[in-house]
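Protein chains in written order, with our numbering: chain A, 1 to 273; chain B, 1 to 271.
You may find that some hints are simply not true.
[Said to hold, decoys possible] Reference excerpt, derived from the structure (chain A facing chain B, CB under 10 Å, subset only):
1) 168
2) 169
3) 172
4) 176
5) 178
6) 186
7) 267
No wet-lab data here; the hints were simulated from the structure.
Built from N, CA and C at the ideal position, the CB exists for glycine as well.
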Amino acid sequence: MSQVISSRVDTHRKIAFLDATAGVLAKHMPAISAAIGLVVLWQLVVWFFKVPAFMAPSPIDVAHAFEQNAGILWTNTLPTLLEAVLGFFFGNLVAILLAIWFVHSSTAEKAFYPIAVFIKAIPIIALAPILVLIFGNGLAPKIIIAGLICFFPTLVNMVQGLKSASPAMLDLMRVLSASNSEILWKVRLPSSMPFLFAALKIAATSSVMGAIVAEWIGSSFGLGAVIIEATYNFRSPLLYATVVIAAALAVVLFFIVSIVEARMIRWKPTGSH
Amino acid sequence: MLGAAKLMPSVPRTEPAATAVSIRNLSVRFGDRSNEFTALSDVSVEIPEGAFVTMLGPSGCGKSTLLRCVADLVHISDGSISVFGRSPREAREGRDFAFVFQDATLLPWRTVLDNVRLPLEVGKHAQSGDHADPHELLAMVGLKGRENALPHELSGGMRQRVAIARALITRPRILLMDEPFGALDEITRDRLNEELLRVWQETGTTILFVTHSIPEAAFLGQNVLMLQAHPGRVKEFMKVELPFPRSLAVRDTVEFIRVTAHLRGLLEECL
Chain A
1 MSQVISSRVD THRKIAFLDA TAGVLAKHMP AISAAIGLVV LWQLVVWFFK VPAFMAPSPI
61 DVAHAFEQNA GILWTNTLPT LLEAVLGFFF GNLVAILLAI WFVHSSTAEK AFYPIAVFIK
121 AIPIIALAPI LVLIFGNGLA PKIIIAGLIC FFPTLVNMVQ GLKSASPAML DLMRVLSASN
181 SEILWKVRLP SSMPFLFAAL KIAATSSVMG AIVAEWIGSS FGLGAVIIEA TYNFRSPLLY
241 ATVVIAAALA VVLFFIVSIV EARMIRWKPT GSH
Chain B
1 MLGAAKLMPS VPRTEPAATA VSIRNLSVRF GDRSNEFTAL SDVSVEIPEG AFVTMLGPSG
61 CGKSTLLRCV ADLVHISDGS ISVFGRSPRE AREGRDFAFV FQDATLLPWR TVLDNVRLPL
121 EVGKHAQSGD HADPHELLAM VGLKGRENAL PHELSGGMRQ RVAIARALIT RPRILLMDEP
181 FGALDEITRD RLNEELLRVW QETGTTILFV THSIPEAAFL GQNVLMLQAH PGRVKEFMKV
241 ELPFPRSLAV RDTVEFIRVT AHLRGLLEEC L
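Chain B extracted, bound-state conformation (with noise of 0.2 Å):
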């Protein structure tokens, strides 16, 4: 595990943040005029760099969409995204970021290491020589002697950290993550969120994560981006008063249940 810290470009945590991630006066609307529909209201965030935010909120509030923006898969109506201060679009082509999705979205006709590859292979940036060894990658996510292994010979959790040990391959200064463990049992969901405090801690990626479990968004996140839904805006950014590291140990601390305890509140204001 101590190997893994030189695979990325570790951001110093004791300079001044930059921001990684500005986004001003967004607003999103989908549909036709006459029957239009207000997806985002007049979002405005700042995310600093190597930041670990959680972002929650009533199903409906576009905390998806939101997601999807940063990473230019949702056409933006108005306002601004900065993403390292070029564009959305910039930043994908750049790969600034790299996008876990709910569903693994392994191609299920190549092995886990093919997979792994997969970003090295294709876009106008494949052929930079910059990238994590996928070796060290799978390694890191606890599937070293799977690499030859076919998708659907792997549990969903499994799938779920290929799917994480790609999105890594790129060094990616960004991780956008919709809900990546939403689908899987908690056991399962409760390592991961470990797994993934440490990837975070190793790497100095700042990473953006949508979730619709309270615990999981507080356990997680250095800060919550609460939105409350139609149309979607900001509730409430706020600061997670725990430190870290933290083992799944602190979820059953009374500063965690506090924290838990304020957001259950925000989110019944949000209804």
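Isolated chain A, as found in the complex (with noise of 0.2 Å):
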């Protein structure tokens, strides 16, 4: 009797977890049928024209080069991913360190905040060789230069959400005799969250791209050397493989920050009632 329960519970958890899968396909449904429409175009195109593999394979060249090159994409990948991460920790947390500061010293905010905009205003590109020459070849300028794409956003977003508090919120902590640090856990970091989240989520995807660009110059390693590599050789379709992993890479990064923010933040600001 209990096995006969215990199965039904079982088949309605099933038909429960169709059902949700469902629900997401339905939901997306225009956007994967979007996805595949373009694909199977771009297939079509490259049969129809005749374009050659060098200029623009094929979908099915790129499924191909997936396969066989799956080493050197596997070893590469790896370190893009450990300098975009390393990147992102330290490109926000050195954002948020600094936004609280300025937030608590308004002659901090005045000194530094125009160099940090002076920073954010020379081309990443000009920056990676500068990199290089100072701390050679490693990791390191990678993950400064995924951490320096990382950080601007996150400090202006930061400062701003930080500052966000109501004055009424802040009265009443005056009133409540509240301690600076006090008021800075208790009411400023906390309705910070969605400004720092929003930051987040671009730097999630800034720094795969910031993590790249730095392996362009002269690296041996990482998806941006095998980007550089491909393109010399007219290794087209590893050229396009490489893109959608990096493209993959930083839709993932996107999703994580995502996740965390849906289970941060489930109360709504009260400006939104």
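Got two chains here, each in a separate frame; can you build the complex from them with the hints?
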């Protein structure tokens, strides 16, 4: 009897799971069919116009490249992922700490904000060789560039987020004789979270871009190096495969940040009701 | 509701009342010398302990500023304020008063219960043991069962009830309220007015209540402090001759209408 019940529960669970999957599929059906349609169109264009593979490989060629270069792609994805993740971590950490300092000292803000803007204004592609000269050809310059790319949007958003606490909220904390650190931990930091995550989502994708751009400058490993090598050797299918992996990496990081955001922020800002 | 009486230090009303807030020759000026603005000029008033005083006046008369001076949120230019014989700053640090703002100012990421408990977590006196039970307070303001709700799940009136419960958690001797029901609809406002009177009678807390509504000022106040503008100064400190306990029905009596008519007349003189 109990077996019957448990198997029934199991079936219910399976059905619920299938329902959920079907629901997700149904929700994203337009996006999925559009993507499949574009890939098919690409294949047809390559076939119809007899485009040579080095100029623009067909999706089938790219799939073959994945299969043939699985080893190369895998060993070069790992360092790029590591650089992007470390750059993401340190770039955002420095930005958050700096933002906290700016909010507590307007002198610091006046002194260093313009410098931050100036650093942001330097094209990353121009900065990469300088950092390679200073830090050599290892992981360090790539992590720094990935970090620099993350740094600025997070700094701007975090400063705004920390200042987003309403004057009434700060009055309340003053009436309660709260200290500056209590105001920071209980009011400013929590109210900055939506702003922070908006920046972290940008940083998640751009950190991968930063790592790859850094690898273009005389690197012997990483997806950036594979891109350069595949381009110079006309190995276009491999080039495309690398691009697909780089994009997938950025999308995965973006989703991880989105999931963390959904778990952390369950409240709605006061203005939104 | 009867249980609430033991929540607060109730003030025996038979004794001659001591002074809760004493304001002497208070002036407040904003801005620098070239562009100075006098918000309050030579204001003197004594608020007895346990009183319910409503503050009324045309906009720009400085009634909110006066309240914020008592709460040590605004710098005093001249004169003095004493709260139970102490400076506003000492009174603030000693948690003599609590403040209720026009906006509920709840922390949106905290549950109702955690919002009510906030005053116990911050400030120098966070650890001192003497405080009310948050569950009992929420029951008193009619929010039993909503302890774990988030502020955005509540209506405006409910959020303001949470703010009142939060203000009462430290058993303040004075409750400073700055147009707390100003943003609410009239029905909610009426109910909260009645409930506030009930809370006042159960707790014996001194209440200073800023409003821009004449009926609200007359219905709630034992006394009405009328201010006039440019510069903000006292027009009249008058007693409202209506018996307690008051219910909403009192507003339909001739006596009540006489009070509001008098207040309206004073307000027009201010313009």
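#### Entry: Hint validity - residue 169 (chain A) Cβ closer than 10 Å to any chain B Cβ
At 5 Å from the nearest chain B Cβ, residue 169 (chain A) passes the 10 Å test, so the hint holds.
### Message
Holds or violated: the hint that residue 178 (chain A) contacts chain B, with Cβ atoms closer than 10 Å.
### Response
holds, 4 Å
### Query
Holds or violated: is the Cβ of residue 172 (chain A) closer than 10 Å to a Cβ in chain B?
holds, 5 Å
### Message
residue 186 (chain A) was flagged as interface toward chain B. Is the shortest Cβ-Cβ separation under 10 Å?
### Response
holds, 6 Å
### Hint status (Cβ of residue 176 (chain A) to nearest Cβ of chain B, threshold 10 Å)
Status holds, d = 5 Å.
### Task
Tell me if residue 168 (chain A) is really an interface residue toward chain B, meaning its C-beta lies closer than 10 Å to one of theirs.
At 5 Å from the nearest chain B Cβ, residue 168 (chain A) passes the 10 Å test, so the hint holds.
### Task
Using 10 Å as the Cβ threshold, decide whether residue 267 (chain A) counts as touching chain B.
holds, 4 Å
Checked against the numbered hints given earlier, this structure breaks none of them.
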